[in-house]
Each structure stands twice: as C-alpha cells, then as structure tokens.
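Visitor: Generate the whole structure from the sequences, applying the supplied hints.
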Amino acid sequence: MKIIAPHTAADFRKYYRLRYDVLRAPWQQPPGSEKADDDVTATHALMLNDAGAAVGVCRLHLASTAEAQIRFMAIHPDYQGQGLGKILLHYLEEKARLQGARFITLQAREAAVTFYQNCGYTVMAQTHLLYGSIQHYQMRKALI
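In this note's numbering, the protein residues as written are 33 to 176.
Since the hints were derived computationally from the structure, they do not count as laboratory data. A few of these clues could be false.
Label-pair distances were calculated between CB atoms; the ranges are [to be verified]:
1) Q158 / T40: 16 to 22 Å
2) P63 / I166: 27 to 33 Å
3) P63 / H122: 15 to 21 Å
4) A143 / S65: 18 to 24 Å
5) D70 / A42: 19 to 25 Å
6) F135 / Q167: 33 to 39 Å
7) G84 / G115: 28 to 34 Å
8) R172 / A42: 33 to 39 Å
9) H39 / I119: 17 to 23 Å
Just so it is clear, CB atoms sit at the ideal spot from N, CA and C, and this is done for glycine as well.
Guide: This is the structure:
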C-alpha cells in the first residue's frame, strides 16, 4: 500500500470514484454529490494497493490557522478492518501539523465513532442527521 496526493486526472477519477461508491451510492445520492466546493483548496490523500487500485481516500482542509478538518474518509469495503483507515488518518494528521494546525475536527458517522475514539478523538457533540438516517458527531483531537 502507498499513499499519494492525487495530481493527475486518472488519480482524481480513482479518488472521487471511491468517495462516491462508499459515501454516497449506498444512500442513492447522485453522482457529483461526492464533491465539495472547497475540494480545490484541500489536501487530498489517496491510498493505492500494489495494483494501483484505490483502497482509501480522505481529505484535510484548514478551517483556520489552528483548526484542520478531516472529511470524506472512506476505505473500500474489501479492505476495511485492516488498519488502513488509521494509517490514512495518521498521514493527514501529520500534514495538518506541517500546516500549523493545533487540532483537528471532523464529523463522524455514528458507525465510525469508535474508530475515531481509538485514534485519539473525543466526541464533542451530536450534530446532524445525514440523508435522514446517518447520525453524525462532532469530534476533536489535539495535535500538540
């Protein structure tokens, strides 16, 4: 496995395809819903297997000079439970530190709260209900 910052059109096709397949398609969301307006200013991470297929994606965005935000974390279902999410998250935490962030926030789906807690994040609040069925929680981790 390796993690790259996607640069080419082919890299971004793999990146957005996995983001869509894992985070949007299961809830019958339209293609394009996997993209965000601020993606152009974000730091993206694409995890590839030895064959060059996308197995994980995530992005980091600075909300302020102190706060980084993690969004769109997705691991291909065939690769879940192997510790790859933790590797990808650690990769972006290091990127956040290099950009001067002092803490990271994220909105975790209820099913992912324990994963993030195991990675050192704390639940701050219950927040929104995505697509009327996916409860989210604001979580935070200090980087200092």
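Visitor: The structure should be examined with respect to each hint, and the outcome stated for every one.
Guide: Results of checking the hints against the structure:
1. Q158 / T40: 16 to 22 Å: violated (39 Å)
2. P63 / I166: 27 to 33 Å: Once the Cβ atoms are compared, 19 Å apart, the range 27 to 33 Å for I166 and P63 is violated.
3. P63 / H122: 15 to 21 Å: violated (30 Å)
4. A143 / S65: 18 to 24 Å: holds (19 Å)
5. D70 / A42: 19 to 25 Å: holds (23 Å)
6. F135 / Q167: 33 to 39 Å: Since the Cβ atoms of F135 and Q167 sit about 23 Å apart, the hinted range of 33 to 39 Å is violated.
7. G84 / G115: 28 to 34 Å: violated (20 Å)
8. R172 / A42: 33 to 39 Å: holds (35 Å)
9. H39 / I119: 17 to 23 Å: Since the Cβ atoms of H39 and I119 sit about 20 Å apart, the hinted range of 17 to 23 Å holds.
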